[in-house]
Amino acid sequence: MPVLEAKGLTKQYTKVLAANDVSFSIEKGEIFALIGPNGAGKTTTIRMISTLIKPTAGDAIVNGFSILQNPEKVRENITYLPDEAGAYKSMTGKAYLNFMAGIFANDPQMAKEYVQKAEKICGLGERLDEKISGYSRGMIRKLLLARAVMTSPALAILDEPTSGLDVINALEIRKMIKELAAGGMSFLLSSHNMLEIEFVSDKVGIITGGKLMVTGRPNELKERYNAANLEEVFERVVKEHEIH
Amino acid sequence: MKFINLLKKELKDLLSAQTIMGMVITLVIFYGLGTIMGDVMEKAMSSSEITVCDEDNTTFTNSVLQAIENQGNKVIKVSPSDQSDPAKLMKNINSDSLVIIPEGFTKTVLEDKKQAELKFINVMRNSSLSGTISSEKNSAVIDIIKEAVSSTLLLNYGLSDNDITTVKEPVLVKDITVIKDRSAEISYSAVSSLTMMQNMFLPIVIFILVMFSSQMIISAISTEKIDKTLETLLSAPVSRISVLLAKMLAAAIVAMLNAGVYMIGFSKYMNGMTGGAIEKISSSAEVSKMLSSLGLQFAPADYVLLGLQMFMTLLISLGVALILGAMVNDAKSAQTLIMPIMLCAMLPYLLSMFTSINSLPLGIKILIYLIPFTHTFTATDNLMFDNMTIFWGGFAYQVILFIIIMFFAVRLFTSDKIFTASLNFMQKSRAKRQINSDR
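Line by line, the protein sequences are chains A and B. Letter by letter, the first sequence follows residues 1498 to 1741 in our numbering. Letter by letter, the second sequence follows residues 2 to 440 in our numbering.
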């Protein structure tokens, strides 16, 4: 059974069709990346799966639970890291982890274990005792990523996980995601940086104008479209759909 | 457990070091001002010192000055040599006021039986409240002198003390003030001055509180939205209603805490300012008893009703602020969103300072009463004067309005609108671009 099965997800705003019949699935331990330019419909799709907004049509099943029928159960099985998200600046890194662990855990012992895990993953050491207002962008991203994976969710949803980060920080975060996926956690990522995503994802879905054009493993897609990288794949996919 | 965790976080967020510091500073400022004002008022209200230059210096003028002293006033006699420049003269004698009894004063009064002239020089040093009180005190000096001159004159005509009293005050007024079905032997002006002093600070407290708590929640919720911590929170296994309730409850607790601080601080300030004045207005120690018998002094139950009213107003302003704050997409808009709440609070606030809202023409009264905050501004008046129908009617209106506001707040929080609704005044195109790039 796949961890996520999106079935015809559609979101119609008053004037804009933000997501149009988006379907794909993610298996256990798989890293799936939705790639496309800004405004392609990545965030809308991700927000529907995260139960933040309701689809106009379609459904998604997360670990056996429907986002329409059982949004509460879905939220117990996912974590979501929004694009360019911040954290509560007046808190210390540790207080933030404690607070978020308290939201996810059902008892104090479980919360404690979550925090211990996050402390290990984020690698911020003693800086966790400092206020978040003094953190760099990279440090905040590492803290938030650790928060997103500390509960070992069935599916971690990360919107533009490395956007705005320098090369070293981006590399560290990609490495972190790969290690966690190897441990059995599934990831749904989104990015407009197609070259970067090629290195981290097992499977990609190319989305533009709200429509998911094609899905597959990066190497398969490059082969199929006779392209050197995912950017070229994207270019050819768009052209192909324009012709049809 | 999750709700407590949320509530603790919200409280910590709102009760930052700056907020607590703000409360302490408020308290210190009010206490300091209260003490200073108390000293100033005491000085201003202290018994009269009358500086007199008696150029006539006759038995009659001496007995007038003696009569002034007999009434408990202190007479300081001066004999300045040069009187041509009043400014220089006042500087030389180092006093703020001077009464000059010119030569020939006794002759004009006793022999010519005409009105005699007195010179009264006053130095104005400032335009503050204590300055105004000094000026009132100075006019009283003239009344004392007139009184002393006429009494001395009547004695000279051979009238007895009793005759003089009867001539001067042939009528004794027994004041009775009636409020609704209660009455007490106290003058109308004394009651009105006392109740005014008792109640004048309440509208200020309400206004500050509404503004403070609204701004607090607008900034808290808009920061959560802009930083996208709200998205993180709403995707967690916790119900949206509990996120909303934790925010409301924390803001209400902090607002009540602030209300307490303002109440304590402001009452200290007002005590300092009016403490001395109240004693002067009424020589009777029975005043508070009189007010009680008129139903003008609050019983504990009245304070509970007042507190309930204020809490309702706070809940409404918090609910509106929550909705407005949730529709913000950038920090700049968050600052301007307080405007509608401010205008709604300012109108009854200003009106209640200058007039009684209950005495306005019916049409305007209804319009003003449609503003939910008005009911708190008029609550003290309504409780004092037993206008319980208006009080409870207003309370019911507030409860209904609060339910409607919360209905919209819950709908906003449980729908997509929390992420898509936008209230960016004059920045619509920018907001649209933001939504498009988010897609």
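These are computed hints drawn from the structure, not numbers from a lab. Where is the CB? At the ideal position from N, CA and C, for every residue including glycine. Any given hint could be a false lead.
Label pairs and their in silico Cβ distance ranges [stated by the list, open to error]:
id, chain 1, residue 1, chain 2, residue 2, range
1, B, Met2, A, Glu1581, 29 to 37 Å
2, A, Leu1668, B, Leu12, 48 to 56 Å
3, B, Ala332, A, Met1607, 16 to 24 Å
4, B, Leu12, A, Asp1626, 50 to 58 Å
5, A, Ser1587, B, Glu50, 22 to 30 Å
6, B, Val25, A, Val1664, 16 to 24 Å
7, B, Lys333, A, Gln1613, 39 to 47 Å
8, B, Ile242, A, Asn1723, 50 to 58 Å
9, B, Ile265, A, Gly1622, 28 to 36 Å
10, A, Lys1570, B, Ile265, 47 to 55 Å
11, B, Leu12, A, Glu1581, 47 to 55 Å
12, A, Gln1509, B, Ile242, 22 to 30 Å
Okay, the hints, checked on the actual structure:
The hinted range of 29 to 37 Å is satisfied by B:Met2 and A:Glu1581, whose Cβ atoms lie roughly 31 Å apart. Separation of A:Leu1668 from B:Leu12 is about 40 Å and departs from the stated range, judged on CB atoms against 48 to 56 Å. In this structure the hint that B:Ala332 and A:Met1607 lie 16 to 24 Å apart at CB is violated, the actual value being about 36 Å. Separation of B:Leu12 from A:Asp1626 is about 21 Å and departs from the stated range, judged on CB atoms against 50 to 58 Å.
Roughly 57 Å separates the CB atoms of A:Ser1587 and B:Glu50, a value that falls outside the hinted 22 to 30 Å. Between B:Val25 and A:Val1664 the Cβ separation comes to about 48 Å, which falls outside the hinted range of 16 to 24 Å. At about 41 Å, the beta-carbon gap between B:Lys333 and A:Gln1613 stays in the expected band of 39 to 47 Å. B:Ile242 and A:Asn1723 have their C-beta atoms about 54 Å apart, which keeps the hinted 50 to 58 Å range intact.
For B:Ile265 and A:Gly1622, the Cβ-Cβ distance of about 45 Å falls outside the hinted range of 28 to 36 Å, so the restraint is violated. Evaluation of the 47 to 55 Å hint for A:Lys1570 and B:Ile265 yields a pass: the beta carbon distance comes to about 49 Å. Checked against the hint of 47 to 55 Å, the C-beta distance between B:Leu12 and A:Glu1581 comes to roughly 27 Å, which is inconsistent with it. For A:Gln1509 and B:Ile242, the hinted distance range of 22 to 30 Å is satisfied, since their beta carbons lie about 27 Å from each other.
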